[in-house]
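A.B. asks: Read off the chains here:
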Amino acid sequence: SQQGEEDPQALSIQEGENATMNCSYKTSINNLQWYRQNSGRGLVHLILIRSNEREKHSGRLRVTLDTSKKSSSLLITASRAADTASYFCATENFGNEKLTFGTGTRLTIIP
Amino acid sequence: EAQVTQNPRYLITVTGKKLTVTCSQNMNHEYMSWYRQDPGLGLRQIYYSMNVEVTDKGDVPEGYKVSRKEKRNFPLILESPSPNQTSLYFCASSLRGISYEQYFGPGTRLTVT
Numbered sequence: 241s242q243q244g245e246e247d248p249q250a251l252s253i254q255e256g257e258n259a260t261m262n263c264s265y266k267t268s269i270n271n272l273q274w275y276r277q278n279s280g281r282g283l284v285h286l287i288l289i290r291s292n293e294r295e296k297h298s299g300r301l302r303v304t305l306d307t308s309k310k311s312s313s314l315l316i317t318a319s320r321a322a323d324t325a326s327y328f329c330a331t332e333n334f335g336n337e338k339l340t341f342g343t344g345t346r347l348t349i350i351p
Numbered sequence: 037e038a039q040v041t042q043n044p045r046y047l048i049t050v051t052g053k054k055l056t057v058t059c060s061q062n063m064n065h066e067y068m069s070w071y072r073q074d075p076g077l078g079l080r081q082i083y084y085s086m087n088v089e090v091t092d093k094g095d096v097p098e099g100y101k102v103s104r105k106e107k108r109n110f111p112l113i114l115e116s117p118s119p120n121q122t123s124l125y126f127c128a129s130s131l132r133g134i135s136y137e138q139y140f141g142p143g144t145r146l147t148v149t
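Residue numbers (this note's numbering), protein chains in the order written: chain A, 241 to 351; chain B, 37 to 149.
Here chain A stands alone, though its shape is the one from the complex:
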């Protein structure tokens, strides 16, 4: 069953611009993680935000979490061509050891 749903499904921006992706989920979560996937390759962990945190930064990445709206956003600042990839949110629900992934946002950075 799908828990996280990313929005938009696809996003194209010019290099240097900021990219924002959103993730919405249905049930209460323990943690939420964001991953990046370059075409056909394994996913790479970007950031984990806990349910009691509201914002987290890592380099050019900024993640917010709004548990009242059951949503999270990933902001990539000053985008680069190398940021072209698919981005997935993954939610950890209470009571089980399953990580549930969304369907992803395909980000294209135009040089």
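Treat the hints with care, since some could be wrong.
As the list claims (entries may be wrong) - Cross-link-like lysine-lysine pairs, in silico, DSS-like; alpha carbons within 30 Å at most:
1) K93/B / K310/A
2) K338/A / K105/B
3) K107/B / K338/A
4) K53/B / K105/B
5) K107/B / K54/B
6) K54/B / K338/A
7) K93/B / K266/A
8) K296/A / K309/A
9) K338/A / K93/B
10) K338/A / K101/B
Note that these hints are calculated values from the structure, not bench results. Since the model is a prediction, treat every value here as computed from it, not as a measurement.
Following the hints, complete the assembly by docking chain B onto the known chain A.
C.D. replies: Below, chain B without anything else, positioned relative to chain A:
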């Protein structure tokens, strides 16, 4: 180098011919899991293992088997593959569970004809 390896990377097989996809990690991780990725459906968990000899079903376990006899290995077994199991498969591991960063393997692209 810390990594998760999968073999084979590509496999084309026929319906009903048993196959095994191996997964190995060198990070002494307790938690390992298998996912399949299909267009429009994202990643769906097949099975996971909290530790040696401890395995449990994910969201789409039908048609798959796993075993965890050693901490480093977590093979995925398809006893009688069918065309609807054509997919991209990923193995992942983490230190202790899903509250930790997941390390993914490079993927195995399986085609069942």
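A.B. asks: Does each hint fit the structure? Answer for all of them.
C.D. replies: Against the structure, the hints come out as follows:
1. K93/B / K310/A: holds (26 Å)
2. K338/A / K105/B: The hint holds at about 21 Å.
3. K107/B / K338/A: Distance of about 19 Å is within 30 Å: holds.
4. K53/B / K105/B: holds (23 Å)
5. K107/B / K54/B: Within the cut-off at roughly 24 Å; holds.
6. K54/B / K338/A: holds (27 Å)
7. K93/B / K266/A: holds (21 Å)
8. K296/A / K309/A: holds (17 Å)
9. K338/A / K93/B: Satisfied, since the Cα-Cα distance of roughly 9 Å is no more than 30 Å.
10. K338/A / K101/B: holds (17 Å)
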